[in-house]
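Engineer: Protein chains in written order, with the numbering used here: chain A, 1 to 207; chain B, 1 to 207; chain C, 1 to 207; chain D, 1 to 207.
Some clues are possibly wrong.
For chains that are exact copies, the list does not tell them apart, and a pair is met inside one copy or across any two.
Result set (DMTMM-like, lysine to aspartate or glutamate): computed pairs, CA atoms no more than 25 Å apart in a straight line [unchecked claim]:
id : residue 1 : residue 2
1  : Lys151    : Asp183
2  : Lys144    : Asp183
3  : Lys84     : Glu156
4  : Lys113    : Asp38
5  : Lys84     : Asp38
6  : Lys113    : Asp87
7  : Lys84     : Asp183
8  : Lys84     : Glu150
9  : Lys113    : Glu156
10 : Lys113    : Asp146
11 : Lys113    : Glu150
12 : Lys84     : Asp153
13 : Lys113    : Glu196
14 : Lys144    : Asp38
No wet-lab data here; the hints were simulated from the structure.
There are 4 protein chains.
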Amino acid sequence: MSHKDYNLFMSTGRIEALVDGIFAIAMTILVLTLAVPDVTGPLSNYAVQNALYGIFPSFYTLVMSFLLLALFWTLQHRIFHRIKQVDTVMLWINLIWLLFIVLVPFFASLTGKYPQFAISHVLSNLNMFGIALFLYLCWHYASKRDFIHEKVDDNEVTSIRVDIIIFLIITLSALVLSFIIPDWSSLVYVLIFPLEFISHRLWFSGK
Amino acid sequence: MSHKDYNLFMSTGRIEALVDGIFAIAMTILVLTLAVPDVTGPLSNYAVQNALYGIFPSFYTLVMSFLLLALFWTLQHRIFHRIKQVDTVMLWINLIWLLFIVLVPFFASLTGKYPQFAISHVLSNLNMFGIALFLYLCWHYASKRDFIHEKVDDNEVTSIRVDIIIFLIITLSALVLSFIIPDWSSLVYVLIFPLEFISHRLWFSGK
Amino acid sequence: MSHKDYNLFMSTGRIEALVDGIFAIAMTILVLTLAVPDVTGPLSNYAVQNALYGIFPSFYTLVMSFLLLALFWTLQHRIFHRIKQVDTVMLWINLIWLLFIVLVPFFASLTGKYPQFAISHVLSNLNMFGIALFLYLCWHYASKRDFIHEKVDDNEVTSIRVDIIIFLIITLSALVLSFIIPDWSSLVYVLIFPLEFISHRLWFSGK
Amino acid sequence: MSHKDYNLFMSTGRIEALVDGIFAIAMTILVLTLAVPDVTGPLSNYAVQNALYGIFPSFYTLVMSFLLLALFWTLQHRIFHRIKQVDTVMLWINLIWLLFIVLVPFFASLTGKYPQFAISHVLSNLNMFGIALFLYLCWHYASKRDFIHEKVDDNEVTSIRVDIIIFLIITLSALVLSFIIPDWSSLVYVLIFPLEFISHRLWFSGK
């Protein structure tokens, strides 16, 4: 880094450390939302088993939220692996992105408490859209400002852009669906895993 | 690092790791303070929407606290990006600064519970003043003890000092206002974002 | 790293940071599950002492869970110390491994609440088996894909494999025992410490 | 690092990351133990002020625990700054040390709930003694096994040993005092700060 660069730009290490810390906490405290169920009536192995069936929807939400957070983390990781430096704008794009991330558990419990109403799903999907949008802004700004490492080939730059756009389209679909079929709108997110996988394969076979 | 320096000074990595960890946790647990509201009366989409309006002040406090913590983090980041080593005094300035940081959520809930009384705002703003003061001490001590990296130009040293002084003045104003108009005193913090932005612009255009 | 490697592989730093963060949180929040007991009847030094005897089983579970998490961490540390890079598959093996890790506190409280029923122990031991299995997959994939550092000798590669297989066998035994003698099945885990120690000794003396 | 060293020893980075993570969490969740007090009777500025006086002892405990944790962290930092590598024994000395660290909040609330009984103070001080003892073992083992960096002079090695022995003596005194004057035994810890400071001064003036 030249003298001038040193004063204008910062290395990526600290923002990565903050991101890793926030994801580690968000992914771990998800489990705190999963309470061991109380058994009503006489205790037996069968009764405990039934009580556990009762918390299965929460367990499913927990696993899905964990996997989605893990996916967001890998996307951010893929971006920052290819960036050599950040400036103040880049820092704040990431900090606001983290605000959407820490809100994920709140919207997860809102949807868990009032799953039958559109409002829960609309707000929750709006938050997801915010995550996708700021990830897009992050990569877009990095490409525009020439923050991307020289070693990264153009193919990879486009591949990441495509993956984020897939994610944007999925969150937008979920947002639209949450007005029509609120209860099922979040199922769209399941598509994200095979779609990202297929996009990845196409990219490599097309090489 | 020479032998003598090795025994007297330490690199900045670990204090940065502790700072990043504490901020990651403080920023994530803010959301734990935001409970999904209970709906009184018959459940409907409209009722849930109304209940959510009810927690809007808490939501606003959450977003503001998150952005303020993010701002403090970027200020500490800007300082430590330019520091080559720390000694015991520097370590303790930062550790006591972290004590004020971890108290932010406590004072946020005190102000949230008793917003109508001066005492909540006075104590909360006193804590903010502590944050600004120890940030100032940190940069002042670093300049005095020659811990600043050679690559950093004097312009940047002054720019950081000015940004911290702006922050000091804002917290002092909030402290004074909390005796006169307690309920509105914390609104002063909103000024911090445009002021830091303008200061930054002036600095670069003045170059 | 060559240009091509740079685009396909990532360094291990960030996944290690996420792992360290998640373990730090899981190991610290274990203590939050240990509540200071309430004394029933008249207060006295003796009464408090008796109340503390009452929470001894929870304290024992806490210490065991902490030591087991510490052991899993050292195993992951031993693996990643010897790996030079990761790809997407390796990332996801570790992310799913972390899902089993964050579930440890949930299954610990399930077993604490309903220790007399097989179902608690079966599920808890199934989770432990998942941890052992994904650790095995991680090391197996790393060896197969040639991610292991050149400096690591074959002896060490086999030693780590043996240690993970010991861990796999112990979790499988606990799983089988949880159908026969549920209450005592988790005692099997105590064996893990001397067994890993003996395996370590044999390996070094055999050198 | 030679090939043989690479297989036997590990660098200190990851254990430092785990330590920093656990301290960051322990220091932040201390604040979660400080609840905003409820005001009984009519609300007024004066009533809130009085209620805040009521939680002053908890606030004092919080600040003291934070500063003690910060001190333990700096001691561990001083040790690891001077160590070039760790082996399995060193890892486990530190992991068991972390077990005592995560127990600090539990014993803090035990002492807070039953301050009038010897048992609370005896157990709490026993835990503190464990922290001091494992810190001593850590430095002792590092010196014996030649893990200390060549750049560290003997003066510094002894200085760290003296600081840990001061800490050991203080925890032992507190342990003895907790049988005689339980309520006041923990006040001994206040001595740690001036004593460490004086020891530091003597050492540097004696140079």
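Engineer: Quick one: which hint numbers does this structure break? Sort them smallest to largest.
Structural biologist: 1, 2, 5, 6, 7, 9, 10, 11, 13 and 14
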